[in-house]
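Please dock the two separately framed chains into a single complex, following the hints provided.
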Amino acid sequence: MILLWYILIPAVAAPLAWLAGRRSEVAARWIAVAGTAAPLALVAGQWIAAAGTLGETFAASGPGAAGLVAGSWIADLKTAWIESLGISFFLAADGLTLIMLLLTFALGLLAVLCSWRGITQRVGVFHLMVLWTVAGLAGVFLALDLFLFYFFFEMMLIPMYFLIAVWGHERRIYSAIKFFIFTQVSGLLMLVAIIALVFIHGRETGVYTFDFTQLLGTPMAASTAFLLMLGFFAAFAVKLPAWPLHTWLPDAHTDAPTAGSVLLAGVLIKIGAYGMLRFMVPLFPGAVAEFRTWALVLGVVGVIYGAVLAYAQSDMKRLVAYTSVSHMGFVLIGVFAWNELALQGVILQLVCHALSTGALFILVGGLQDRIHTRDLGKMGGLWQVAPRMGGTAMFFAMASLGLPGLGNFVAEFLILAGVWQVSEWAAVLGAVGLVFATVYALWMMQRAFQGEETHGLRFADLTKIETGIFASMIAALVLLGFWPQPLITTARQTVDGLQRMTAQSALAQPADPGEAAAAAAETETAGGDEGGAP
Amino acid sequence: MTVTWGDLLTVSPLIALTLAAVAVMLAAAFFRSHALALGITLGGLAAAFGTLFVAASRAERDVTPLVRMDAYALLFIGLLAAAAAVVVLFSWGYLDRFRVHPEEYYVLLLTATLGGATLAASTHFASFFLGLEILSVSLYGLIVYAVYRDEAVEAAVKYLVLAGATSAFLVFGMALVYAQTGTMTAAGVSDLVAGLGDDVVATIGLVMLLVGIGFKLAVVPFHMWTPDVYEGAPAPVTAYVATVSKGAVFALLLRFLLPVSSDQGSTVFLALTAVAIASMVAGNLLALRQDNVKRILAYSSIAHLGYLLVAFLATGERAGLAVGFYLIAYFATTLAAFGVVTVLSPPDRDADRIDDYRGLGSRRPVPAAVFTVVLLSLAGMPLTMGFIGKFVIVTAGSGAALWAMVIVLVATSTIGLYYYTRLIVAMYVRRRDEAGPAATPLPAAPGGTLGVSVLGVLTLFLLVFGVYPQPLLRLVEHAVSVLPWP
Numbered sequence: 001m002i003l004l005w006y007i008l009i010p011a012v013a014a015p016l017a018w019l020a021g022r023r024s025e026v027a028a029r030w031i032a033v034a035g036t037a038a039p040l041a042l043v044a045g046q047w048i049a050a051a052g053t054l055g056e057t058f059a060a061s062g063p064g065a066a067g068l069v070a071g072s073w074i075a076d077l078k079t080a081w082i083e084s085l086g087i088s089f090f091l092a093a094d095g096l097t098l099i100m101l102l103l104t105f106a107l108g109l110l111a112v113l114c115s116w117r118g119i120t121q122r123v124g125v126f127h128l129m130v131l132w133t134v135a136g137l138a139g140v141f142l143a144l145d146l147f148l149f150y151f152f153f154e155m156m157l158i159p160m161y162f163l164i165a166v167w168g169h170e171r172r173i174y175s176a177i178k179f180f181i182f183t184q185v186s187g188l189l190m191l192v193a194i195i196a197l198v199f200i201h202g203r204e205t206g207v208y209t210f211d212f213t214q215l216l217g218t219p220m221a222a223s224t225a226f227l228l229m230l231g232f233f234a235a236f237a238v239k240l241p242a243w244p245l246h247t248w249l250p251d252a253h254t255d256a257p258t259a260g261s262v263l264l265a266g267v268l269i270k271i272g273a274y275g276m277l278r279f280m281v282p283l284f285p286g287a288v289a290e291f292r293t294w295a296l297v298l299g300v301v302g303v304i305y306g307a308v309l310a311y312a313q314s315d316m317k318r319l320v321a322y323t324s325v326s327h328m329g330f331v332l333i334g335v336f337a338w339n340e341l342a343l344q345g346v347i348l349q350l351v352c353h354a355l356s357t358g359a360l361f362i363l364v365g366g367l368q369d370r371i372h373t374r375d376l377g378k379m380g381g382l383w384q385v386a387p388r389m390g391g392t393a394m395f396f397a398m399a400s401l402g403l404p405g406l407g408n409f410v411a412e413f414l415i416l417a418g419v420w421q422v423s424e425w426a427a428v429l430g431a432v433g434l435v436f437a438t439v440y441a442l443w444m445m446q447r448a449f450q451g452e453e454t455h456g457l458r459f460a461d462l463t464k465i466e467t468g469i470f471a472s473m474i475a476a477l478v479l480l481g482f483w484p485q486p487l488i489t490t491a492r493q494t495v496d497g498l499q500r501m502t503a504q505s506a507l508a509q510p511a512d513p514g515e516a517a518a519a520a521a522e523t524e525t526a527g528g529d530e531g532g533a534p
Numbered sequence: 001m002t003v004t005w006g007d008l009l010t011v012s013p014l015i016a017l018t019l020a021a022v023a024v025m026l027a028a029a030f031f032r033s034h035a036l037a038l039g040i041t042l043g044g045l046a047a048a049f050g051t052l053f054v055a056a057s058r059a060e061r062d063v064t065p066l067v068r069m070d071a072y073a074l075l076f077i078g079l080l081a082a083a084a085a086v087v088v089l090f091s092w093g094y095l096d097r098f099r100v101h102p103e104e105y106y107v108l109l110l111t112a113t114l115g116g117a118t119l120a121a122s123t124h125f126a127s128f129f130l131g132l133e134i135l136s137v138s139l140y141g142l143i144v145y146a147v148y149r150d151e152a153v154e155a156a157v158k159y160l161v162l163a164g165a166t167s168a169f170l171v172f173g174m175a176l177v178y179a180q181t182g183t184m185t186a187a188g189v190s191d192l193v194a195g196l197g198d199d200v201v202a203t204i205g206l207v208m209l210l211v212g213i214g215f216k217l218a219v220v221p222f223h224m225w226t227p228d229v230y231e232g233a234p235a236p237v238t239a240y241v242a243t244v245s246k247g248a249v250f251a252l253l254l255r256f257l258l259p260v261s262s263d264q265g266s267t268v269f270l271a272l273t274a275v276a277i278a279s280m281v282a283g284n285l286l287a288l289r290q291d292n293v294k295r296i297l298a299y300s301s302i303a304h305l306g307y308l309l310v311a312f313l314a315t316g317e318r319a320g321l322a323v324g325f326y327l328i329a330y331f332a333t334t335l336a337a338f339g340v341v342t343v344l345s346p347p348d349r350d351a352d353r354i355d356d357y358r359g360l361g362s363r364r365p366v367p368a369a370v371f372t373v374v375l376l377s378l379a380g381m382p383l384t385m386g387f388i389g390k391f392v393i394v395t396a397g398s399g400a401a402l403w404a405m406v407i408v409l410v411a412t413s414t415i416g417l418y419y420y421t422r423l424i425v426a427m428y429v430r431r432r433d434e435a436g437p438a439a440t441p442l443p444a445a446p447g448g449t450l451g452v453s454v455l456g457v458l459t460l461f462l463l464v465f466g467v468y469p470q471p472l473l474r475l476v477e478h479a480v481s482v483l484p485w486p
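Note that the protein sequences, when read in sequence, are chains A and B. Residues 1 to 534 in the numbering used here are what the first sequence lists, from first letter to last. Residues 1 to 486 in the numbering used here are what the second sequence lists, from first letter to last.
Same shape as in the complex, but just chain B (with noise of 0.2 angstroms):
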């Protein structure tokens, strides 16, 4: 087997994301500047996101066994990294502020990238495998990277406690399902889950790889994880872990199990209707106590990667349309609502008390108004994504006929509605009983004009699909068609 230089031309987003790691790290060791490295990353994004028309422009194609260039892949991998880059934007009005040297944290984001980039576009147990480890062993340093708080130290242990567990889950799932079929590609589990019968070794292997993507993805009974690791994080990594390390996860769900939508009778088919009704049900109703905005955003992510999985269980090419556009909507709606946290973060701590957004409305009008427009598409509101997603997600669920996730999904997002309203109100209505004096407003964050202007173009790119989804919508449609439906 010989890879051709058109080969590596096809694989050059990947390639791109690993030079850019290593100039910046090149660069930090010359030059210590964090303008710098965060230019060299965007750089390297921008690079990857340009390249992916290259790759675009040839034939799709497998290079190696373990990794296949298809316009799914493409599709992901610009989303991956168009997020990525969102992120680092926002990184640095919040990295600023503690006058430390940051370029290891832009490493850190870019090689995470890549992993998730290599989630992306994996046919074989060995990237999987690869791409899930680089991500995760980035994670660990991105949550932790606020050293002196507690919390943050906190998440990251359970996070790498919780991530070495899934691993080993993995691991096992596929060795299991190897011994069985004695194929490690995604071809190989697609057939092995189209014709599953009584094989009790590969079912337990099957599920055992459910288990660590389901850790992965957060949905619940593998959920625990969330709520303190979103605290914990930077809001900036708390984003990224939100989006890119579940997006990366859920595409490669739909490339290696597709088939399980087709037999809505089989375990795996029945196992995963549980998790996706039990994910809809506790995340909307655990959001509902919560007094946290990032565990609120942790919940409320629960229930939409439950939603997601409405879709995925959908069958047919409009499944694999309303994964991919939900997905889109998530990553930008996700990223803008932790966007808001950053940028009114003071130096000390992450803005996270309900408290801390009593009266935004008329003390930072621009978040505020961010905010609200994000909160509304997450609670699937006409004219922002969100609704044209859950409308999609419907349409699927209906066409498949999977009524009852379909009611579940209609009923426990109004009970989302509760808390999402409840934000809006807090940020424009004073309460007659609130007596004493108003919380203490925070200082306006430094750095916050970059981070602002990030925002502003999120909501407008949220607005703009909302009202007119039909490029997004074909752009989606012509990636998908490229996975092997039923």
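Okay, chain A solo, but in the shape it has when bound (with noise of 0.2 angstroms):
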């Protein structure tokens, strides 16, 4: 019943905060407050309390594959929805659901927090729309009804639609249609693979259900596997985004309103990863290991190219945008390697990712409304102007840069590492690819901050919002760098569980078959590295 109220808090704040918001727009705000931080202290609680079960791995003859998705559980909720088309509203959670709740309910309080002096317009309405999207968001993580899932996916684009539409920017139109459109065609897609999925899942059993734990082993020919598997990923990689399919993403988080984009960058853009992880490997191994060595140059050039590009980018935001498709094609070739170091990597580096970017869109957005421009080169020397701006900046620029001490560091090392067992061409050129991150985030922190300050801008440091803001996300990221052992042991048993779901497929083995006799000897190599992972 808990993880109804996930969905339900922010779905029923989002009418009251707009009411509330046509009297008074701090009556506005604060309901919207209330209604994300109430949710996460929820989560943060059940967290707490199954912190002892999470850790543990499975038995190693362990039970079925649907048994090891239910065997993971700490909650569920099952009741009947559309009978006539065998769907259930159908709700779990386990560790990763948790981490990606913690994640969608802190950004969007950060959301809120960070909208409190920018938006001054439609405020009632704006908050309806945020706490819209984390209503949709939260009930995307939690669904396991394949139909459900896909209507929480389409469901959250209304809102975020219109905050990019209505709050956003200078080509907020084009970018808000554009983002719809992307996301609607490649959904449709998904959807179209689910109803096959179903229906081939119907003829073989005579039951036609929507339930993913039933529909996980269905048995079919590899060429369809492969063909709905295909659907899945167009889904998921334009959400996350892959390259060549990102080119929604640097347009929509340059001109959604701050709250957009962090929720964007945040959140949004984790479905990708999140849908990957839990329902398009486990439904298709075996096309997913045919499809590996693809996967895996999508994700190298998506980190190499997205850098590149972030580094010749004028727009600070833009350039932030760019990271992310950088950073997102680390997550591409960990969720493919598909072992223990790279899917642990892989959620530590949605949550990083998460924070360090985020940080950086609220303090691209609270510069914009000080300067009234994103353009790198009205700027320069900010540092004088703003000194705690621009340690913040700093602080995040090295994040994002993947400086040893901090979360995103380990993340991405534990991503290559996994890797580096799979292909190893892979993990040099994502190496390759934390250069290019170096150039591009000293080169921003150049360009804004150092140097001489000559075009006379005088304007606020920090509020003391957004100086609360920023310091949990410091400490976060620190903690994170340093103590990554919580998270790691909360996904644990769902990482566990994802590899015995898939133990029996092609997927366990190395990606590439020809060198697969070569690389023997490498992997025993690697193996020993695994027992001495942190």
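Because the hints were derived from the structure by calculation, they are not lab data. Don't take every hint at face value.
Claimed, not checked - Label-pair distances were calculated between CB atoms; the ranges are: (1) Val308/A / Ala401/B: 38 to 46 angstroms; (2) Ala411/B / Ala508/A: 33 to 41 angstroms; (3) Trp294/A / Ala401/B: 48 to 56 angstroms; (4) Leu160/B / Thr247/A: 45 to 53 angstroms; (5) Thr373/A / Leu475/B: 56 to 64 angstroms; (6) Leu288/B / Gly202/A: 33 to 41 angstroms; (7) Ser24/A / Arg97/B: 44 to 52 angstroms; (8) Val432/A / Ala401/B: 54 to 62 angstroms; (9) Ala508/A / Pro486/B: 19 to 27 angstroms; (10) Ala411/B / Lys78/A: 33 to 41 angstroms.
Said to hold, decoys possible - Derived list of chain A stretches under chain B, where covered just means 3 residues or more per stretch with a C-beta under 8 angstroms from a C-beta of chain B: (11) 154 to 167; (12) 187 to 193.
Glycine residues also receive a C-beta, built at the ideal position from the N, C-alpha and C atoms.
Structure (structure tokens):
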């Protein structure tokens, strides 16, 4: 039942904020704070209560596929919904879900807080949209019925569309429509794949159901599985975004209001990774193994391409947006490496990227509110004007380039270590991407904050709210950098279950069959590394 | 053949509609009052709706060879009557401003509904043709009701000519089918379709029937009349043409030509596949270039009928479920869409320019919110019935492995997103590049309160059954189960 509250609290707070906003803007803001903080507290409570069991792994002779999914739940809720079509209202949470929910509500709260001064138009409706997005995101991470998943997946598009189109910047209409259409097309492809899967399962067993646990392990021809897997991959690769389907992201992130960018970069694009982990790979492990080489190529290209393009930007927000493309390239290669190291790295990367990029977007948004431009050419020497802002920017730029001691470093290191076991060249090229990251991060700092202040800009340094936001994000990143163990423990059972589910497939083998023999010796060494992992 | 009292009870919904039309006419002869006519009309529609339950409590039966009152017919008669009632409620504020006596408008609306209801229950060429003509002839009068507008006259003449040609096609098709089979019943036509083979004359007959039906449904390539008629007719009448007239014909299509979907290689099937694909593609593409809201909705309805054809061509009860549910969703959405146009229209014209909708979000928040929900439903977004509707159609299409059509449906509904969101943007976003004075806002229309409350009810309907469609799905499932599925 508690799972339902995660969706209901923001969903109910949304119209309340709107109604309150017609009388008092401050009331709308506080309702939005309550609507995200309350579920955040609930998730934290549930996390602490379940902390003991989440780190356990399954017994060697583990249960079947469905049992492996169900075995890691700490709570679930299943009621009939649309029986005529075999659809149930099915929510469940495991360690991964809790992490994603924490992220959703924390960034939702930050999105509300960072709009405190920046949003002055139609405040009530704005918070309606933010809360509605948060509710949809929570639903996406909780749903285990594929129809329900798709339902939430599409539902949160609408408020995000309005957030960009109404409160956005220069090319907001173009960007909003582009975002909407990209996501919708890919989502429909996934819908067709879902329905086809349900029919294949139905013909086989006579049971037409959208229940993910029952659809696991549906026998089908390899070519069919590959097509269906591509349907899912299309949806998640657009969300993630993977090169070359990323073109909506720089536009949408740049033109969205700060809160929108934070939710987009922090949570929304994580659905891509989550969907791959939760649904795509367990449903079609064989097809994923077949597709692995291509996905690694796409991921590596994304890492390098995103970093190079970030360097070339003169719009600071667009620069940050392109860094997301690069970081999500790591996530893609990590998912397709599919071993414990890489998967733990992916989950850690989701959290750390959300924090570091979210913070950078809040920072750019704050800067834009003050100097009314995002053009790096019109900045320079801002450290002298606003030293606290400069220091904060420096910290998050370092986090973004993967400085050891911060969470992002641990995440990317784990991913690369995991990818190495599968494909050395992908790991090497991914590591090259880290060099490019250094270049764009330092270049951004140089152009915006270092040097001489020549444009006569004078503005106030960070406000109390902003200082509080950044302090909490810095603390979280440092903590994850030095002590990522709690997060790793939380996701361990999920990761273990995911791996066991696919243990029988080709996914457990090295990627390139040609290299397999040559890599045999390497795998042994890599296996040795695993014991020494943090 | 005798007609018993039991038979009369079973067809009481049709009788109620007939009596109501007569009553409005008689009342107008003695006492001219808009309110009275409206009251009798609503009463007649309510009686038709209420007697459905009487008819439903009796065993399904053929009343004469012409009509069959089964759960399927009752569901559609109910749907048509409800839609007509909504149109009547929209018409009140709309007609009141003309300061004329609009009683005949209601008579025509009732007879048109009677025609539609006959089509839904028809199992025979005679009742098919009779119902269609009652419907069409009433529509001529309704479309030209605002006779002082040039577009209205143009629309009515266009509709008259094309509907006349359609009738000719239909009658000739019927004659050919009869010549080959010696039967005029729906069952006979179904048998003919099932065992068609190389019979050239019968095939020509069937194709002519389909041409006639295609005109009424306004699917490509028989869609030419739609944008002009939608634009020229008064907004409530457009709502009626878009829903009742098309819905009734679709109900009939399922009853007469059900076995078409069982042979995916037959000529008729391939022809209908081409029509469905062309409708989805052309409807959505042509809507992109329109600046008139009624024309956008006209092209979008062409596309939606294309989606419905996909469901029709999928086999089995799942297809029936999809058709039934999608039609209900389409009815509610379309009625609400034209309802918004109606309540916004000033006395001298219909609010059909995109400029009329700029900034609507702040000027008239309730119609704007309703229109947003409607457009999202047309685009098939979650929380609305349009989403569930599109989902059941894709389910039906995939179940029958109609992959080409499903892929086209998916691709074209994305095109649809563009023009639906364009309207939403117009309502809520003030573009920075708009120099000069903003478009002059429309004056508030008189008698809008009733219309707005009906809009509220429709929106609620769309949202409630968009989130929890199970009761409606079960109802449709029950209704379509009586059809002779192959």
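Is 38 to 46 angstroms right for how far apart the beta carbons of Val308/A and Ala401/B are?
holds, 45 angstroms
Quick one: are Ala411/B and Lys78/A within 33 to 41 angstroms, going by C-beta?
Given a distance of about 34 angstroms, which is inside 33 to 41 angstroms, the answer is holds.
Should the hint that Leu288/B and Gly202/A are 33 to 41 angstroms apart at their CB atoms be regarded as holding?
holds, 37 angstroms
Could one say that the CB atoms of Ala508/A and Pro486/B fall in the range 19 to 27 angstroms?
For Ala508/A and Pro486/B the Cβ distance comes to about 47 angstroms; the hint is violated.
Lying within 44 to 52 angstroms: is that true of the beta-carbon distance Ser24/A to Arg97/B?
violated, 39 angstroms
Using C-beta distances, would you say chain B covers the stretch 154 to 167 of chain A, given that this needs three or more residues below 8 angstroms?
holds (count 8)
Ala401/B and Trp294/A - C-beta distance against the hinted 48 to 56 angstroms:
For Ala401/B against Trp294/A, whose Cβ atoms are near 27 angstroms apart, the range 48 to 56 angstroms is violated.
Outcome, coverage of the stretch 187 to 193 of chain A by chain B - at least 3 residues whose beta-carbon is closer than 8 angstroms to one in that chain:
Since three or more residues must qualify, the claim that chain B covers the stretch 187 to 193 of chain A holds, with 4 doing so at under 8 angstroms.
When you take the CB atoms of Ala411/B and Ala508/A, is the distance between them in 33 to 41 angstroms?
With Cβ atoms ~37 angstroms apart, the hint holds.
Verify the CB-CB distance for Val432/A and Ala401/B against the hinted window 54 to 62 angstroms.
violated, 46 angstroms
I want to verify a distance hint. Is the separation of the beta carbons of Leu160/B and Thr247/A within 45 to 53 angstroms?
holds, 50 angstroms
Given the range 56 to 64 angstroms, decide if the beta-carbon distance of Thr373/A to Leu475/B lies inside it.
holds, 59 angstroms
Violation of the numbered hints given earlier is confined to hints 3, 7, 8 and 9; the remaining hints are satisfied by the structure.
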